[in-house]
Structures are given as structure tokens and as C-alpha cells.
Amino acid sequence: DGGITQSPKYLFRKEGQNVTLSCEQNLNHDAMYWYRQDPGQGLRLIYYSQIVNDFQKGDIAEGYSVSREKKESFPLTVTSAQKNPTAFYLCASSLGGARGNQPQHFGDGTRLSIL
Amino acid sequence: QKEVEQDPGPLSVPEGAIVSLNCTYSNSAFQYFMWYRQYSRKGPELLMYTYSSGNKEDGRFTAQVDKSSKYISLFIRDSQPSDSATYLCAMPGNTGKLIFGQGTTLQVKP
Chain A
1 DGGITQSPKY LFRKEGQNVT LSCEQNLNHD AMYWYRQDPG QGLRLIYYSQ
51 IVNDFQKGDI AEGYSVSREK KESFPLTVTS AQKNPTAFYL CASSLGGARG
101 NQPQHFGDGT RLSIL
Chain B
1 QKEVEQDPGP LSVPEGAIVS LNCTYSNSAF QYFMWYRQYS RKGPELLMYT
51 YSSGNKEDGR FTAQVDKSSK YISLFIRDSQ PSDSATYLCA MPGNTGKLIF
101 GQGTTLQVKP
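Sequence order for the protein chains is A and B. Read in order, the letters of the first sequence correspond to residues 1 to 115 in the working numbering. Read in order, the letters of the second sequence correspond to residues 1 to 110 in the working numbering.
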């Protein structure tokens, strides 16, 4: 079955530690996205990538980093510079395109908490 | 003013009721409109995808777009407890990024 796989489902971070969230898709989609979801705040875009080896900052990129070395993979690193990392992180993908009107398909998320 | 506004609810209805979920938006250039359903601790799943004005029906779900009022709706007929979830509207913005509403939490009571 085609889809988006996020791992792990739950992740705990110690103070001063970087953690990496995995996102893999087998939908052959060009574009991939990372969102953060906090209670009552909807989805906020962290980073997105339209093609391999290229990515752009979203609305809340500070304290996060990404890479896009392969079409199917878009890992997100939450760095120690992100002072409030506790949230539900969602990865998505779409066919892409310049106008961005393609629907996005989501994984089941990673819940990150601070120890 | 946010580009997309959605009442967060919660909205509680009895089983079998007709549910109306709504979003307003500010940019008249928006042409594509999406509705997602998100169960607790899961990612959003695409329910409906519409272009421009008019209605689109899929089973018990109907999406309605009124571009003149900048208002979109999702109707659920014969609501079931399994419809209990958060519903998010979304539309591509000027920069091509998807803009989401805050989400409306729906509870359908048996």
C-alpha cells in the first residue's frame, strides 16, 4: 500500500539534545512538508521541499533543520535551539507543482515531548 | 485577520443529525478547497477536494463553495459516532502553500 510512514510515534527529548524525526513516502510524490500541530492552533508549516536537494523555510523554521537527499525521504531535526519543542509533528507529501493546488497526504505523526 | 477562519467548536450532535461545518476566507483568489478529517492521535486524511464554486457530493458528505461570500461548508448527513473527529478546511494560498483553518472538533453522540 502506498503511503507516508513517520517514525517513531512517540519521542522524548532531553534538554540540549537534537532529535531527528523520520518521514518516508512511497507515493512517488515530488513535494514533502513538515508541520507542527499544537492544541487549538491548527497546523503550522515548518519546512517544505518541492524537489530533491532543495527545501524552503515555512512559517516557523527557527530551531529546526531538514534535508532532502532522496525523493522518498524528508527527515526533520529538532535542534536544542527550539525552546518549546513539545508538539505533534506531521509530515505530508503531494504531487507538487508550481501552483501548489495539489492535495497533501499525511502520515500519522510523531508526538515529541520533553523529559 | 487570519486568511482562513474556522470555529473550533466543540460541536456536539446526536447520532443521525445533519452536521454543518464552515470556513470563511479572506482572499478572493482562492480557487481550490479541501476538507480533511483528523482522528485523535492520527494524521489528517483528505475527505473532499473541490474547485471553484458549487457542490460536490461523496456518500454522506457534501462540500459546498460560495465564492461570492468567501464561505465554504461541509455537510454530513446521517451522522455516525465514527464521524467524531476534528475537521480542517484548507486552501492553497498565493505562495502555493496550503493554508489550514484551525479545525472544528465534532462529537456525534449515540
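Derived by calculation from the structure, the hints in this document are not laboratory data. Quick reminder that beta carbons are idealized off the backbone N, C-alpha and C, glycines included. Be a bit skeptical, because a hint or two may be false.
[Stated by the list, open to error] With a cut-off of at most 25 angstroms between alpha-carbon atoms, the simulated BS3-like pairs for lysine-lysine come out as follows: (1) B/K42 x A/K71; (2) B/K42 x A/K9; (3) B/K2 x A/K57; (4) A/K70 x B/K2; (5) B/K97 x A/K71; (6) A/K9 x A/K71; (7) A/K57 x B/K109.
[What the hints assert, rightly or not] From the derived model, a few chain A residues whose C-beta atoms are all more than 10 angstroms from chain B: (8) K14; (9) P75; (10) Q104; (11) G107; (12) R111; (13) S113.
[Stated by the list, open to error] Just a few of them, taken from the derived set where beta-carbon distance is under 8 angstroms, the chain B residues facing chain A: (14) L11; (15) Y71; (16) F75.
For each hint, the structure was consulted:
For the hint pairing B/K42 with A/K71, the CA-to-CA distance comes to about 24 angstroms; that is within 25 angstroms, so the pair holds. In summary, the hint linking B/K42 to A/K9 is supported, as the alpha carbons are separated by about 10 angstroms, within the 25 angstroms threshold. The straight-line distance between the Cα atoms of B/K2 and A/K57 is roughly 20 angstroms, inside the 25 angstroms bound, and the hint therefore holds. At most 25 angstroms may separate the alpha-carbon atoms for a hinted pair to count; A/K70 and B/K2 exceed this at roughly 35 angstroms.
For the hint linking B/K97 to A/K71, the alpha-carbon distance of about 19 angstroms falls within 25 angstroms, and the restraint holds. Our distance criterion of 25 angstroms between C-alpha atoms is met by A/K9 and A/K71, whose separation comes to about 22 angstroms. Simply put, A/K57 and B/K109 have alpha-carbon atoms about 42 angstroms apart, too far for the 25 angstroms limit, and the pair is violated. Non-interface status of A/K14 relative to chain B is upheld: no Cβ of that chain comes within 10 angstroms, the nearest being about 23 angstroms off.
Annotated as non-interface, A/P75 keeps its C-beta farther than 10 angstroms from every C-beta of chain B; the closest such distance is 17 angstroms. At the 10 angstroms boundary, the C-beta of A/Q104 falls inside the reach of chain B, the nearest C-beta of that chain being 6 angstroms off. A beta-carbon of chain B is positioned within 10 angstroms of the beta-carbon of A/G107; the least distance is around 5 angstroms. Not every C-beta of chain B lies more than 10 angstroms from that of A/R111, the closest at about 7 angstroms, which undercuts listing it as non-interface.
The non-interface label for A/S113 is consistent with chain B: the shortest C-beta to C-beta separation is roughly 13 angstroms, beyond 10 angstroms. For B/L11, the interface hint is violated, the least distance from its beta-carbon to any beta-carbon of chain A being 15 angstroms, above 8 angstroms. Below 8 angstroms, beta-carbon pairs count as interface contacts, and B/Y71 has none with chain A, the closest being about 18 angstroms; its hint is therefore violated. The criterion of a C-beta within 8 angstroms of any C-beta in chain A is not met by B/F75, whose closest approach is roughly 20 angstroms, and the hint is violated.
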